[in-house]
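A.B. asks: Listed below are the residues making up each chain.
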Amino acid sequence: MAAQSPLRQPPSIARRKTAEAMFKVLGIGSLAIAVGTLVLLFGTLLFQGAMRIDWQFLMSYPSRHAAQAGILPAWVGSTLIMLVTTVVGVPLGVAAAIYLEEYARRNWMTELIEVAVTNLASVPSIIFGLLALGLFVHILGLGESILVAGLTLALLVLPVMIVTTREALRTIPVEIREAASALGASKWQTIAHHVLPYSGAGILTGIILALSRAIGETAPIITIGALTFIAFLPPTPFSTQPPYLSFDWLLSPFTVLPIQMFGWVSRPGEDFASNAAATGILLVGMTLTMNGLAIYLRYRMRKQVSW
Amino acid sequence: MSPSIVAAKNTSPLRSLGGGDIMAMHRRTQQRRERVIEGGLFIAALTSVAATVTIIAVLLSESIGFFKTVPLTNFFTDTLWTPLFADPHYGILPLLAGTLVTSGVGLLVAIPLGTVSAIYLSEFASSRVREVIKPTLELLGAVPTVVYGYFALLVVTPGLQQIWSDLPGFNMLGPGIVIGIMIMPFVISLSEDAMRAVPMVLREGSYAIGATRLQTAWRVVVPAATSGIVAAYVLGVSRAVGETMVVAIAAGQNTNLSWNPLEPAATITAYIVQVALGDLPHGSIGYQSIFAAGLVLAMLTFTCNILGHLLRKRFREVY
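From first to last, the protein sequence lines stand for chains G and V.
So in the numbering used here, spot 54 of the first sequence is number 1469, and the numbers just go up one at a time.
So in the numbering used here, spot 261 of the second sequence is number 246, and the numbers just go up one at a time.
Hints listed in this document are in silico derivations from the structure and should not be mistaken for laboratory results.
Cβ coordinates follow ideal geometry from the N, Cα and C atoms, glycine included.
One should not assume that every hint holds.
[Claimed, not checked] Examples of chain V residues lying across from chain G (beta carbon under 10 Å, computed):
id : residue
1  : Ala30
2  : Ala127
3  : Gln200
4  : Ile234
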C-alpha cells in the first residue's frame, strides 16, 4: 500500500537534518569566500605595499624610478576634487531629497524624477565619464580640469545623497511637523528649523557614503582625460595679494589616487606593484574608514529612537 | 470688545500707516519666499532628469556622427574592431563578446554564492550573525574597483596559473571571478530583501506541517520571492556589464573575438578607457567610436535596469 501511495514519501527526519546541516555549511562557506576575499585583498596590499608608505612617498611627485616616486599630486588632486564634489553634490542632493520627500505631489513629474534617480543610481560610472567628456569638457569648454572631475563625481553620487537623505527625513515623525505648523511655522520654517536639524546624522551618513564612493571612482575620471603622470601641483587656493583667495586651481589638470594606482598597476615590475599596493592601502583604508563610520552612525541612530 | 482695546487700536501708530496692510504685505512676502524656496528645491530635483536626458543626448549625438561613417550592418556583423588602425574595422562583436564573457564568469560566481548566502542570512542566521556579516559585506562592496583590478591581475590570475599553467597573464577568467565576488554583496542584499519581504505566516504554515527550515526556505520562501531574486540577478548583470577598471587592468587591451575565458580580450568599457588614456582629437572617428561603444553599453544596462526594477516592483506589490 505504502509503495503505491500517490503521495511521495517524505525523506526521513535524519536525512532532512543532514541536508539542513549541509546547507548551513554551504551558506557559511559562501559567506566565508566573500569575507575571506576581503581579508586576502587587504593582506596582499599590506604585504606588498606597507613598507612603501612613508613621508617621502606622501610628499613626492611620481617618478620613473619606482623607489623615488610618490603620491603628492594624487592626494592633493583627490582632496580638491572631493571639495568640489561636496560643495556641489551635497546641497543639490539634500535639496532634491527635501523636494521629493516634503513637497512633491503625486503626479507624473514626481514619477519622472523618481525614475530618473533610480536610473542614475544604476548607470555604469564610465557612462558618467562619457557624459562629462561630451558636455563639460567639449560643449561647455571647461577642459580636463579639477572642476569637471568634481562636477562629474557630484552627479555620480547624487542618487546616493538623495536616497540616504530621504530615508533620514522619513524617520522624523509627522507629529513634529504638525506641532510646528500648529504654532504658525510655515512649511519651510518647519523644515529648516526642525526636520533638517533632527535628521542631521542621517544626512551626514549620506555625505560620508557618497564621498567614499567618489574617492575610489576611476573610470569616469580617466574618461574625462586625467593624466597618470603629473609632476606639478595645482595653483594654491590662497594668495598673498588681495583677494587672498584664488580659484585658478579649479581649471588645473590633475591626477587622483585611484588613477595613480592604475598607472602603477599597468607598469611591469615588482617595484611599481609595491607603489600600487601602497596607494591601494590608503584608498581601501579611506573607504573602509568612511563606510565604517557610516555603519556606526546608522547603528547608533537605530538604537536611540527617542521620539 | 472692551473700550480700552478699541482705544488702543485707534491710537496705534500703525493705524495711520495702515497696519492691516503691513501685516498682509508681510504675509505676502513670506508666501513669495516659500514659493521661491519650493521652486529652487524643485529645480534641484530636476537635476536627475536633466542628467539622464543629457546622457542620452550626448551618447546619441556623438554616435550619429560615428554611424554616418560606419553603416549599422558593419557595426553588428564585422568581426574586427580596429578603429585606430590604418585599416579600420568597426565591428562591435569582439568588444561585446569580451563584455559578455567576463560578466558571464562573474555571474557564474555571484549567482550561486550570492543566492546561498542570501538564503542562509535570511532564513538560518541568528540576528547577531547578521549584524556582523551585513556590514562586512557592505565594506566588500565599497572597496574601490581599481583595487579589485590590482587583486585580479596580481593575486587571482597568478593563483589560477597554478591550475592552468598556460593561462596568459591577461585573461577573462580572473577578472570575471573578481567581478563575481564584487557584485556578490549587491546580489545578496537585494535577494535577502526579497526573501525577508515574504510574510512570516507562510513560513509558519510550512513549519506547522512539519517542514524543516531548509524545506521551507527552498519550497516556500524562494518561490514566493522569485521575482525579487531574479531582479537581483538582473541588476547584478547590469553592474557586471558596466564594470570597468577590473577588466581594463586584468583582461588585456587587445580586441579579440573569443568566447573562451582563458584568453585575453578587451571589453566595451576597457576600450573606452584605452582610448581615453590616449589623446584623440575631438570629432575624430576614434573619439566618436567610444560614444558608439558607450551607447551599446548604455542600452545593455538600461534594459537590465528597467527589467530589474519592474521585477522588484512586482515582488513589493504581491503581499
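A.B. asks: If you test the structure against every hint from before, which numbers come out violated?
C.D. replies: Violated: none.
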